[in-house]
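Engineer: The chain contents come next:
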Amino acid sequence: MALSALAIGLSACNGLPSYGSRHPATTQGNSMFNLWQGSMTLGLAIGIFVWGLILYSVFKFRKKGNSIPSQTQYHVPLEITYTVIPILIVIGLFYFTIQSEHKVDKIVPNPAVKVTVTAFQWGWKFNYPKQNITIATTNPGSRPTLVIPTKVPVRINLVSSDVIHSFYVPKFLFKRQAIPGVKNTFDFNATKPGTYLGECSEFCGLHHDNMLFYVKAITPAAFKVWLASNHGKATA
Amino acid sequence: MTVTEERSTIGSHEPSHHEGPTGLLKWLTSTDHKVIGLSYIVTSLILFAISGVLAELIRTQLLFPDNHFVSQHFYNELFTMHGSIMMYLFVGPFAFGLGNYIVPLQIGAPDMSFPRLNALSYWLYLFGSIITVSGFFTAGGAADFGWYAYAPLSNSPFSPGMGENLWYVGIGIAGLGTILTAVNFVATVYTLRAPGMTMWRMPIFTWNMFVTSILALLVFPVLTAAFALNLADRVLGAHVFTVSGGGIPVMYQHLFWFFGHPEVYIAALPYFGIVTEILPVFSRRPVFGYKGLVLATLAIAGLSMGVWAHHMFTTGVVLLPFFSALSYLIAVPTGIKFFNWIGTMWGGQLTFEPPMLFAIGFLLVFLWGGITGVMLASPPLDFGTNATYFVVSHFHYVLIATTVFAGFGGVYYWYPKMTGRFLHHGLGKAQFWILFIGMNVTFLPQDILGSMGMPRRYAHYYPGQHFTLLNQISTVGAYIISISMILFIINFWVSWKKPILSGPDPWLGHTLEWATTSPPPPKNFTSLPPIYSDSPLWDFRLKEMKEKGEGLPR
Chain A
1 MALSALAIGL SACNGLPSYG SRHPATTQGN SMFNLWQGSM TLGLAIGIFV
51 WGLILYSVFK FRKKGNSIPS QTQYHVPLEI TYTVIPILIV IGLFYFTIQS
101 EHKVDKIVPN PAVKVTVTAF QWGWKFNYPK QNITIATTNP GSRPTLVIPT
151 KVPVRINLVS SDVIHSFYVP KFLFKRQAIP GVKNTFDFNA TKPGTYLGEC
201 SEFCGLHHDN MLFYVKAITP AAFKVWLASN HGKATA
Chain B
1001 MTVTEERSTI GSHEPSHHEG PTGLLKWLTS TDHKVIGLSY IVTSLILFAI
1051 SGVLAELIRT QLLFPDNHFV SQHFYNELFT MHGSIMMYLF VGPFAFGLGN
1101 YIVPLQIGAP DMSFPRLNAL SYWLYLFGSI ITVSGFFTAG GAADFGWYAY
1151 APLSNSPFSP GMGENLWYVG IGIAGLGTIL TAVNFVATVY TLRAPGMTMW
1201 RMPIFTWNMF VTSILALLVF PVLTAAFALN LADRVLGAHV FTVSGGGIPV
1251 MYQHLFWFFG HPEVYIAALP YFGIVTEILP VFSRRPVFGY KGLVLATLAI
1301 AGLSMGVWAH HMFTTGVVLL PFFSALSYLI AVPTGIKFFN WIGTMWGGQL
1351 TFEPPMLFAI GFLLVFLWGG ITGVMLASPP LDFGTNATYF VVSHFHYVLI
1401 ATTVFAGFGG VYYWYPKMTG RFLHHGLGKA QFWILFIGMN VTFLPQDILG
1451 SMGMPRRYAH YYPGQHFTLL NQISTVGAYI ISISMILFII NFWVSWKKPI
1501 LSGPDPWLGH TLEWATTSPP PPKNFTSLPP IYSDSPLWDF RLKEMKEKGE
1551 GLPR
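These protein sequences, in sequence, are chains A and B. Letter by letter, the first sequence follows residues 1 to 236 in this note's numbering. Letter by letter, the second sequence follows residues 1001 to 1554 in this note's numbering.
Hints in this document: simulated from the structure, not taken from any laboratory. Quantities reported herein were computed from a predicted structural model and do not represent experimental measurements. Any given hint could turn out to be false.
[As the list claims (entries may be wrong)] Just a sample of chain B residues kept apart from chain A, beta carbon distances all over 10 Å, derived:
(1) T1029
(2) T1043
(3) A1055
(4) F1069
(5) S1159
(6) I1179
(7) V1183
(8) P1221
(9) V1240
(10) V1374
(11) H1425
(12) I1448
(13) Y1479
(14) W1496
(15) P1529
(16) L1552
[Stated by the list, open to error] The list that follows gives simulated cross-link-like pairs (lysine to aspartate or glutamate, EDC-like), each with its CA atoms no further than 16 Å apart:
(17) A:K64 with B:D1066
(18) A:K63 with B:E1353
(19) B:K1291 with A:E79
[What the hints assert, rightly or not] For each label pair, taking beta carbons as the anchor points, the in silico distance ranges come out as:
(20) B:V1317 with A:K224: 32 to 38 Å
(21) A:A222 with B:S1156: 45 to 51 Å
(22) A:T138 with B:H1239: 27 to 33 Å
(23) B:A1187 with A:S70: 34 to 40 Å
(24) A:N139 with B:H1239: 27 to 33 Å
(25) B:G1245 with A:L16: 49 to 55 Å
(26) A:I48 with B:S1156: 48 to 54 Å
(27) B:H1460 with A:A234: 27 to 33 Å
(28) A:T138 with B:L1117: 56 to 62 Å
Where is the CB? At the ideal position from N, CA and C, for every residue including glycine.
All chains, please: the whole structure from these sequences, using the hints.
Structural biologist: This is the structure we're talking about:
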């Protein structure tokens, strides 16, 4: 079962493997996913080169005879080369990181829907202030569902009412801490309808691993209907 | 025949050799850096074993989905204490133990600068450790808020109990020991170097212990202060980190990681040093690019003070590009070191006794920890992987490479110096291979688990998440690692019962610790070879070999 998941995970998407990552369900996630694929591929290429050099040295230079090996300690051009090349590589990685970061952290002026997410020991409260809808964890272990429209930007205002938690949706490749005294704001655009598991990913005490929720993305038309039928409701 | 042997004869006639107490009383009262060094090493290895058992319990809990091998509460204690013992009570003290024994020898000094302070440091460490671990014997159990104890979870309303208070006090006391021993290392390196031993001729291990000590002096007081403030919140009703009293919880994260990231290098630089001692000796070559390597170490130390907030990318309250750029940059000096290490082996005459195997194992394992670390320097990638098993795998690749591969490499390398005996080669090689296999079987699956989205610090996962098989492979790997550790204990026992004598310089060492007897006499040296480079003893050997025209021995 896990193997099949792995096989799905490793299947090619844009030519590069996913390296086990989930395929993202948001436009922001797509940007991070491409960066992940690129960085992992580059990292593995560098790794294979350096592992190769190490293993080559180990096999090539094992002791033969008793001649005293060269005692050369410095080779300045070589030392400059192996300093400059890594600097160029990290400058390149930094450039792509900043590109992606601008997309991921972009806050639009007029999101289609705003939700205030309150994390608490041990559950979540999703409040749609405009529509006066509240969905929350009621009994320990129940999993509330955050309902959102696809395609359009969704604004999350994230707060905590006790300790530090973290709002994490693996399918979005995204998490943000919920910190007492801090209001964190982020947007995302779900690409397709679906229900995705969400988790608390900052250790928050005894039932940390039971602080789960769902994100249900539905079409904007269906979302309108859902809003209308739930207006003013506080449900679990 | 050689200078060393002449000296060892003289050494054995040292009148002070048989003075003073022996046995337990010697251990209790000694201010000799060698006795204190061994005390540190043995104590830290015992704590390493305890913490290892906790890790095996964690892996056993994760063997099946929705498993109930341990309770949720006890699971939280397990990973808190596993991380705390390893990070606060093992990685640093183990390095300071090896440093205590070796640094004075490498610079030709008779002892540390402040021998009594050195003894005090050890006793603070020992009692701090006992206090920390004693939380397990309180009614509420040991601390269970994670090894970085984020406020306000760590405050008394959320984490009441004596185990937590013992945790703060114990680690605070052990941390004071670390601060004092760091003072001692800096003073020793500045003031007790033998004539001719300039800073630019110091062995890399000594250099790295020196830089590590400076880092410890910069950041351990910050940790102590953060813990003191948190303890004030807990027991005095202060509100430094609580919103209700006007405090700022996120401030604790800043203070903690301002300590925490340099701490990673405190846990790495000494072990880089060990590897840089072993590779030249078993390659019969000097360290390649010595000066560049030292500059890279200094660059790492400097940069490590400015990267702490990459642990806080997901808080939403730090300047992402700044901390990302510095975190990327710190990969450069670390990358340089790899080329120094490869360049040292390049064109050498390599042999593969256990210390060398562990050093090569370090290179192979640490590289993967480094590559995954560079990925975590990117905020968008960190948003996905932070607090998942991807990070768990990353830092275990780093820390097992340094403290376990390089650390055991150092034990196999210097054991003959400390005891005059070898550890058994065959058992050592077996330990290496089993560790190497077990390590990768444990932590490579965790990379994939993290990429799939399995959060760390979860006691349960569920069948539908497809985490089962990878977790089971990982747990089997953890059991394999424990076999390699049992082999080390067997090796220690066998080598103790059937001694294989090593003589003063069994590896043809490059540095001064090999120019005295094994174990060295009190005050260490009766005479020293002339020091013209970073490998004075090797210079002497080379000259001797060239004069005889016989090439390398054996």
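Engineer: Next step is simple, just say for each hint if it's right about the structure.
Structural biologist: Hint check:
1. No beta-carbon of chain A is positioned within 10 Å of the beta-carbon of T1029 (chain B); the least distance is around 44 Å.
2. The non-interface label for T1043 (chain B) is consistent with chain A: the shortest C-beta to C-beta separation is roughly 29 Å, beyond 10 Å.
3. Its beta-carbon lying about 17 Å from the closest one in chain A, A1055 (chain B) satisfies the requirement of being farther than 10 Å from that chain.
4. With a least CB separation of 14 Å from chain A, F1069 (chain B) remains clear of the 10 Å interface cut-off, as annotated.
5. Not every CB of chain A lies more than 10 Å from the CB of S1159 (chain B), the least distance being 8 Å, so the non-interface label is violated.
6. Consistency note on I1179 (chain B): stated as away from chain A, and its beta-carbon is indeed over 10 Å from all of that chain's, at 28 Å minimum.
7. The beta carbon of V1183 (chain B) is kept farther than 10 Å from every beta carbon of chain A, the shortest such distance being approximately 33 Å.
8. No beta-carbon of chain A is positioned within 10 Å of the beta-carbon of P1221 (chain B); the least distance is around 25 Å.
9. With a least beta-carbon separation of about 13 Å from chain A, V1240 (chain B) lies farther than 10 Å from that chain, consistent with its non-interface assignment.
10. Not every C-beta of chain A lies more than 10 Å from that of V1374 (chain B), the closest at about 7 Å, which undercuts listing it as non-interface.
11. Every CB of chain A lies more than 10 Å from the CB of H1425 (chain B), the least distance being 15 Å, so the non-interface label holds.
12. Its closest Cβ contact with chain A, about 4 Å, brings I1448 (chain B) to no more than 10 Å, contrary to its assignment away from the interface.
13. Listed as outside the interface, Y1479 (chain B) is consistent with that label: its C-beta sits roughly 19 Å from the nearest C-beta of chain A, beyond the 10 Å cut-off.
14. Separation of W1496 (chain B) from chain A is adequate, the least Cβ-Cβ distance of about 30 Å exceeding the 10 Å criterion.
15. At the 10 Å boundary, the C-beta of P1529 (chain B) stays outside the reach of chain A, the nearest C-beta of that chain being 17 Å off.
16. Not every beta carbon of chain A lies more than 10 Å from that of L1552 (chain B), the smallest distance being close to 4 Å; the non-interface claim is violated.
17. Restraint check for K64 (chain A) and D1066 (chain B): the C-alpha separation of about 56 Å exceeds 16 Å, so the hint is violated.
18. Between K63 (chain A) and E1353 (chain B), the direct Cα distance comes to roughly 12 Å. Compliance with the 16 Å bound is thereby established for this hinted pair.
19. For a cut-off of 16 Å, the pair hint linking K1291 (chain B) to E79 (chain A) stands: about 11 Å separates their Cα positions.
20. Evaluation of the 32 to 38 Å hint for V1317 (chain B) and K224 (chain A) yields a pass: the beta carbon distance comes to about 35 Å.
21. The beta-carbon spacing between A222 (chain A) and S1156 (chain B), approximately 47 Å, falls within the hinted interval of 45 to 51 Å.
22. Between T138 (chain A) and H1239 (chain B) the Cβ separation comes to about 31 Å, which falls inside the hinted range of 27 to 33 Å.
23. Range check, A1187 (chain B) to S70 (chain A): about 38 Å between beta-carbon atoms, so the 34 to 40 Å window is met.
24. Roughly 32 Å separates the CB atoms of N139 (chain A) and H1239 (chain B), a value that falls within the hinted 27 to 33 Å.
25. Separated by about 51 Å at the C-beta atoms, G1245 (chain B) and L16 (chain A) satisfy the suggested range of 49 to 55 Å.
26. Against the hinted window of 48 to 54 Å, the Cβ-Cβ separation of I48 (chain A) and S1156 (chain B) comes to about 51 Å, which satisfies the hint.
27. H1460 (chain B) and A234 (chain A) have their C-beta atoms about 29 Å apart, which keeps the hinted 27 to 33 Å range intact.
28. For the pair T138 (chain A) and L1117 (chain B), the beta carbons lie near 59 Å from each other, so the given range of 56 to 62 Å is met.
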